[in-house]
Amino acid sequence: MGNLENEPMFSARNLKLFTAPLGMNNPITVQVLGICSALAVTVKLKPAIVMALSVTIVVAVSNAIIAAMRQYIPDRIRIIVQLVVIATMVIFVDQFLRAYVFDVSKQLSVFVGLIITNCILMGRLEAFAMVNKPWPSFIDGIGNGAGYGIILIIVAFFRELLGSGTIYGYPVFEKLGFYSIGYENNGMMILPPMALIVVGFIIWFQRSRDNSLVEK
Amino acid sequence: MKQFSNRYIFIFSTVMVISVATLLSLAATLLQPAQEKNLEIEKKKSMLESIGVPATRDNTEDLYDKYIKESFVLNPKGESVDGVDAFTVVLRNEQKKPIEDQYLPVFRAIPDDGEKVLILPVEGKGLWGPIYGYVSLKSDMSTIYGVTFDHKGETPGLGAEINTSAFEGMFPGKKLFDNGTFVSIQVHKGGAGPNDIHGVDAISGGTITSKGLEKMLLDCISKYNDYLFKNRN
Chain A
281 MGNLENEPMF SARNLKLFTA PLGMNNPITV QVLGICSALA VTVKLKPAIV
331 MALSVTIVVA VSNAIIAAMR QYIPDRIRII VQLVVIATMV IFVDQFLRAY
381 VFDVSKQLSV FVGLIITNCI LMGRLEAFAM VNKPWPSFID GIGNGAGYGI
431 ILIIVAFFRE LLGSGTIYGY PVFEKLGFYS IGYENNGMMI LPPMALIVVG
481 FIIWFQRSRD NSLVEK
Chain B
711 MKQFSNRYIF IFSTVMVISV ATLLSLAATL LQPAQEKNLE IEKKKSMLES
761 IGVPATRDNT EDLYDKYIKE SFVLNPKGES VDGVDAFTVV LRNEQKKPIE
811 DQYLPVFRAI PDDGEKVLIL PVEGKGLWGP IYGYVSLKSD MSTIYGVTFD
861 HKGETPGLGA EINTSAFEGM FPGKKLFDNG TFVSIQVHKG GAGPNDIHGV
911 DAISGGTITS KGLEKMLLDC ISKYNDYLFK NRN
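Sequence lines, in order, name chains A and B.
Just so we're on the same page, our numbering is the position in the first sequence counted from 1, plus 280.
Just so we're on the same page, our numbering is the position in the second sequence counted from 1, plus 710.
These are computed hints drawn from the structure, not numbers from a lab.
C-beta: ideal position from N, C-alpha, C; glycine also.
Please note that the accuracy of each hint is not assured.
Residues of chain B placed beyond 10 Å of chain A at every Cβ, according to the derived structure [unchecked claim]: (1) Glu752; (2) Asp795; (3) Asp822; (4) Glu878; (5) Gly890; (6) Gly909; (7) Asp929.
Computed list of lysine to any residue pairs in SDA-like fashion (alpha-carbon distance at most 20 Å, straight line) [claimed, not checked]: (8) Lys326/A with Ala876/B; (9) Lys753/B with Tyr380/A; (10) Lys747/B with Val384/A; (11) Lys862/B with Asn465/A; (12) Lys326/A with Ile751/B; (13) Lys386/A with Lys753/B; (14) Lys862/B with Asp383/A; (15) Lys386/A with Gly839/B; (16) Lys747/B with Thr397/A; (17) Lys386/A with Ala744/B; (18) Lys386/A with Lys899/B; (19) Lys747/B with Phe372/A; (20) Lys747/B with Lys326/A; (21) Lys326/A with Ser875/B; (22) Lys753/B with Leu471/A; (23) Lys921/B with Lys326/A; (24) Lys862/B with Val381/A; (25) Lys899/B with Pro472/A; (26) Lys747/B with Lys413/A; (27) Lys862/B with Ala379/A; (28) Lys386/A with Leu828/B; (29) Lys747/B with Tyr380/A; (30) Lys899/B with Cys316/A; (31) Lys386/A with Lys940/B; (32) Lys386/A with Gln742/B; (33) Lys925/B with Gln375/A; (34) Lys940/B with Asn785/B; (35) Lys386/A with Pro840/B; (36) Lys899/B with Asp383/A; (37) Lys386/A with Asn785/B; (38) Lys940/B with Asn465/A.
Using the sequences and the accompanying hints, generate a full structural model.
Printed below as a string of structure tokens:
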């Protein structure tokens, strides 16, 4: 992969790096990576979107950095090097946000730690960036971040709607008058186990549509 | 994969660590003034929010000078301490000292409705880290005028809900004293009764944060007990 010289920036193969993680090779539903943070931040849509964006940026940039120095990284300490790159990136971004975009930094608070520990990052650096060029690695990062983000947003949508009766903080059910006819929010949806069950439904749905994903 | 000598590995990791350290400390030092300014504005902004004055980052300084009339520091006996600036007292550091040496900051404000309000800072522990805020009291020293809470890293959607207006909005009008005895505010799992003047609803899925908040209010405000009792009217 990625060994051809003069390959166009958006060649079919590079585009596939972007689209595959959105469906066939989704980090959450197929590779089952990054589940931990998917459970933690999907109670409301807003943190889910912030988290999706942050992970996408961090995984894309650290993928590119690792790919650029892949030939100089000693095999025996490569995991440490990957971790240092991720952690540096995240702290760097955090410091900048805190100085210039304080409000965003307040929203990110807990995510900063969660980004560093997200399995998708290490997974992509180890599996892709170590053996590919910077540009395909960058696209791979964007694709995986987006694939992760889509699932996060779908899960958060259902959990916020059914658990709190709102969408992005807007009280949908209240406006529709559901409460006056006896509807009540499902408190279970707020708890982390329901995120796992919603992810389960998505996996079920995806595999019933695409049989090639079903394990033999 | 190419094989590297031990020498190379040592040099590689040394260079990596030193350059990363330089980069990060440079960033931290250069950005520090801007970050501290942000924290100061944030502190003033939360104080204003606790008396119901919505402030944006740009007008915070002006509004603070307009509404916050006075600040002073008390000791736990309720006597005022001279020579300490209330704004610079860091509650977290005070809480590590023995109780008799602690400084207790107090801010006085007069919002638009003319009520003479006392603002007390509070700080405690949530589930993952510190939670903090400001509680403002009416001149009877018992009725809550307004509150604002914030947190370092509570779970989004659960414990982090303490800084929403839905949660903070339950506090105004609640009373800290019951017939002259300090009872603080209780956070009830399953919801406080409609006539409970000392209780508010806990947050579903945020039990530990809710309990931490209850303990924070009890611990921090009870230290002002003597002062509040003496000055009530």
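Against the structure, the hints come out as follows:
no.: 1; hint: Glu752; verdict: 7 Å, violated
no.: 2; hint: Asp795; verdict: 23 Å, holds
no.: 3; hint: Asp822; verdict: 25 Å, holds
no.: 4; hint: Glu878; verdict: 15 Å, holds
no.: 5; hint: Gly890; verdict: 38 Å, holds
no.: 6; hint: Gly909; verdict: 20 Å, holds
no.: 7; hint: Asp929; verdict: 23 Å, holds
no.: 8; hint: Lys326/A with Ala876/B; verdict: 17 Å, holds
no.: 9; hint: Lys753/B with Tyr380/A; verdict: 17 Å, holds
no.: 10; hint: Lys747/B with Val384/A; verdict: 16 Å, holds
no.: 11; hint: Lys862/B with Asn465/A; verdict: 28 Å, violated
no.: 12; hint: Lys326/A with Ile751/B; verdict: 24 Å, violated
no.: 13; hint: Lys386/A with Lys753/B; verdict: 13 Å, holds
no.: 14; hint: Lys862/B with Asp383/A; verdict: 13 Å, holds
no.: 15; hint: Lys386/A with Gly839/B; verdict: 14 Å, holds
no.: 16; hint: Lys747/B with Thr397/A; verdict: 30 Å, violated
no.: 17; hint: Lys386/A with Ala744/B; verdict: 15 Å, holds
no.: 18; hint: Lys386/A with Lys899/B; verdict: 27 Å, violated
no.: 19; hint: Lys747/B with Phe372/A; verdict: 19 Å, holds
no.: 20; hint: Lys747/B with Lys326/A; verdict: 27 Å, violated
no.: 21; hint: Lys326/A with Ser875/B; verdict: 16 Å, holds
no.: 22; hint: Lys753/B with Leu471/A; verdict: 32 Å, violated
no.: 23; hint: Lys921/B with Lys326/A; verdict: 25 Å, violated
no.: 24; hint: Lys862/B with Val381/A; verdict: 17 Å, holds
no.: 25; hint: Lys899/B with Pro472/A; verdict: 18 Å, holds
no.: 26; hint: Lys747/B with Lys413/A; verdict: 42 Å, violated
no.: 27; hint: Lys862/B with Ala379/A; verdict: 16 Å, holds
no.: 28; hint: Lys386/A with Leu828/B; verdict: 27 Å, violated
no.: 29; hint: Lys747/B with Tyr380/A; verdict: 10 Å, holds
no.: 30; hint: Lys899/B with Cys316/A; verdict: 27 Å, violated
no.: 31; hint: Lys386/A with Lys940/B; verdict: 39 Å, violated
no.: 32; hint: Lys386/A with Gln742/B; verdict: 16 Å, holds
no.: 33; hint: Lys925/B with Gln375/A; verdict: 32 Å, violated
no.: 34; hint: Lys940/B with Asn785/B; verdict: 14 Å, holds
no.: 35; hint: Lys386/A with Pro840/B; verdict: 14 Å, holds
no.: 36; hint: Lys899/B with Asp383/A; verdict: 31 Å, violated
no.: 37; hint: Lys386/A with Asn785/B; verdict: 32 Å, violated
no.: 38; hint: Lys940/B with Asn465/A; verdict: 46 Å, violated
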